[in-house]
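Q: Each chain, letter by letter, is given below.
2 protein chains.
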Amino acid sequence: MKNRRTIRRYTEQAIPETLLNELLEVAARASNTGNMQLYSVVVTRDKAMKERLAPAHFNQPMITTAPVVLTFCADANRFVKWAEQRKAVAGFDNFQTFIASTIDAMLFAQSFCTAAEEKGLGICYLGTTAYNADQIIKILSLPRLVVPIVTVTVGYPDGQPEQVERLPLQAVVHHETYADYTPAIIDELYRDKEALEVNKQFVRENQKETLAQVFTDVRYTKANNEHFSDVLLNVLKEQGFLK
Amino acid sequence: MKNRRTIRRYTEQAIPETLLNELLEVAARASNTGNMQLYSVVVTRDKAMKERLAPAHFNQPMITTAPVVLTFCADANRFVKWAEQRKAVAGFDNFQTFIASTIDAMLFAQSFCTAAEEKGLGICYLGTTAYNADQIIKILSLPRLVVPIVTVTVGYPDGQPEQVERLPLQAVVHHETYADYTPAIIDELYRDKEALEVNKQFVRENQKETLAQVFTDVRYTKANNEHFSDVLLNVLKEQGFLK
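Order-wise, the sequence lines are chains X and R. Counting from 1, position 54 in the first sequence corresponds to residue 305 in the working numbering; the numbering is continuous, with no gaps. Counting from 1, position 9 in the second sequence corresponds to residue 260 in the working numbering; the numbering is continuous, with no gaps.
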C-alpha cells in the first residue's frame, strides 16, 4: 500500500470474471452503514458501453483502454424496495441517506482497489463521475435513489510510473483540536511540493505564475466548480435525495 | 481483508505514536482529487476530549474506551489558504468541492483502516459524525471549509466477534446497465439474511413484524433522517460549501 501508484496505462490482458468477483467479495467486507449496504457497482466490459461513457469522463483514455470500468454508486434503491415489500416505510429520500450511501460506496470502492492492487492489478479513480452524474445515470439506466459517485478503471499495469509526491504528514493530521494554518506553516508544508521539477514544469507549461494558479485557473476553476455543483444538486433532486 | 470484522471492544494497550503515524503515512498514499489532498484527520487521545465527543456519537462506548479516536474531515481550507498565499483565487466554496473532499476523506480513512487491520488493530466506523457534525465542529474547532465526515475508533481487539452477514454479491453488482430489482429477486437476495437466527431475534427484541421494520421504525427513522438532513445541509452552509 505504501508503494502504490495510480495506473493509467493497461496491457491488453483481460481480467478473469472469477478474479473480479473474488475482489468484489473481499470489498463487500468493508464497513457500511448499519449493514444496509447502501451501494452498488456497475461493471462495464463492453466496448460500445465504454465509448458511450467516455464523453462523461471528458474522454480520458483510461475509460476505453482499461479492460474493466467500475462505476460505484450510492444506492438506497435496493434497500427501499426491500422495505416496501416487507410492510416497512423507509424515509430514505433525503440528504443524510445520500451521504451515508456515498460513504458506503467509497468504502466499498477503496477496499476493492486495495485488494485489486494486492493481486497485481492497477487502478485509476476518475472524479469526473460526480461532474457528469446526469449523463452517467442515463447511460447506465440508474433508477431513483441511485447516484454514481466515482469511477475506477482497472487493468494490468503497462509500465510503472513514478510515485507522485504527497504533502508531509503533519499537513493533514491535527492533534486533539484543529490547529489552523498560519502563513509560515503553509509555506513550510508546500515548500517541497513547489520545489519539485515536475511541478515547476507544470507551472511553465500552463504559463502561470504559481503552482496553485494551475489548479485554480486551469484544472478546478470557480466557474466549472459552480456549474457542476448546480448539475449535481439537480441530480440529487431528480434521483430523490434532496427536496 | 476477507476475514475482517468490526471491533467495538478494545484492550487497554496503547497505540504507539510511531505506529499511528506509519499507518497514516500509508493511508496518505490513497488516491485523491488532483493530488490536492482535500482531507484532514483529527486524532483524539485525550480522555477529556473523548468525553466531550461522546454525546455527539450518542454515547456509543467505543468513543471513550478506544485508545485512539480519528475524525476524518473533508477539508478544502488548507488548499484555499495555500492558494490565497500564492496569488490564486480558489472557487472552492461549493457543493462539488464538498463531494470531492468527502471522497478524498473516505479513501484516506479506508486505507488507514485496512493498513491498521493488517497490523493487528481493530477499527469501528461511526456514522454519527454526519448527524452531529455541528457539535463536532465546535468541539474540534474546525474552521470554514472543513466538515467532519466519519469517525473511526481504533485499538487492539478485546475478543473476536462473529463476522456479520452480507447480501450475496449479485445484490450489489450490475453488468453493463443497472438491472432494477423485481419483487422475486428482492425475496431471493434477502432470504438468507432474514433467515439468520440473530436477525430473527433482532425482530423479536424490537417487537416488529419484519427485519426491514427494525431499520425503518427504530434505527433509521424518516423523522431522524429528515432532521439530521436539515442539520447537515445547514452545516454545509455554515462551513461555506453550500450557498
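No lab work stands behind these hints, which were simulated from the structure alone. Please note: incorrect hints may appear among the correct ones.
In silico DSS-like cross-links for lysine-lysine, where the CA-CA straight-line distance does not exceed 30 Å [claimed, not checked]: (1) Lys473(X) / Lys253(R); (2) Lys473(R) / Lys338(X); (3) Lys494(X) / Lys253(R); (4) Lys338(X) / Lys444(X); (5) Lys370(X) / Lys488(R); (6) Lys444(X) / Lys338(R); (7) Lys444(X) / Lys253(X); (8) Lys473(R) / Lys338(R); (9) Lys494(X) / Lys488(R); (10) Lys451(R) / Lys338(R); (11) Lys473(X) / Lys494(R); (12) Lys338(X) / Lys370(R).
Stretches of chain R that chain X covers, calculated by requiring three or more beta carbons in the stretch to come under 8 Å of a beta carbon on chain X [to be verified]: (13) 303 to 311; (14) 451 to 458.
Cβ coordinates follow ideal geometry from the N, Cα and C atoms, glycine included.
Q: Given the proposed pairing of lysine 451(R) with lysine 338(R), does the C-alpha separation stay at or below 30 Å?
A: violated (61 Å)
Q: For the region 451 to 458 of chain R, do three or more residues have a beta carbon lying closer than 8 Å to a beta carbon of chain X?
A: Since three or more residues must qualify, the claim that chain X covers the region 451 to 458 of chain R is violated, with 0 doing so at under 8 Å.
Q: With a cut-off of 30 Å on the C-alpha distance, tell me whether lysine 444(X) and lysine 338(R) pass.
A: holds (17 Å)
Q: Are there three or more residues in the region 303 to 311 of chain R whose C-beta lies closer than 8 Å to some C-beta of chain X?
A: With 0 residues in contact (Cβ-Cβ under 8 Å with chain X), the coverage given for the region 303 to 311 of chain R is violated.
Q: Under the criterion that the straight-line Cα-Cα distance not exceed 30 Å, is the pair lysine 473(R), lysine 338(R) satisfied?
A: Violated - the C-alpha atoms of lysine 338(R) and lysine 473(R) are around 46 Å apart, more than 30 Å.
Q: For the pair supplied as a hint, lysine 494(X) and lysine 488(R), is the alpha-carbon distance within the 30 Å limit?
A: At roughly 16 Å apart (the allowed maximum being 30 Å), lysine 488(R) and lysine 494(X) satisfy the hint.
Q: Need the status of pair lysine 494(X), lysine 253(R): alpha-carbon distance at most 30 Å?
A: Distance of about 39 Å is beyond 30 Å: violated.
Q: Are the Cα positions of lysine 473(R) and lysine 338(X) separated by 30 Å at most?
A: This hinted pair holds, its Cα atoms lying about 15 Å apart.
Q: What's the verdict on lysine 444(X) and lysine 253(X), does the C-alpha distance respect the 30 Å limit or exceed it?
A: holds (19 Å)
Q: Is lysine 370(X) close enough to lysine 488(R), meaning Cα to Cα at most 30 Å?
A: violated (43 Å)
Q: Given the hint that lysine 473(X) pairs with lysine 253(R), does the C-alpha gap stay at or below 30 Å?
A: At roughly 42 Å apart (the allowed maximum being 30 Å), lysine 253(R) and lysine 473(X) break the hint.
Q: Is lysine 338(X) close enough to lysine 444(X), meaning Cα to Cα at most 30 Å?
A: violated (56 Å)
Hint violations for this structure: numbers 1, 3, 4, 5, 8, 10, 12, 13, 14, all remaining hints satisfied.
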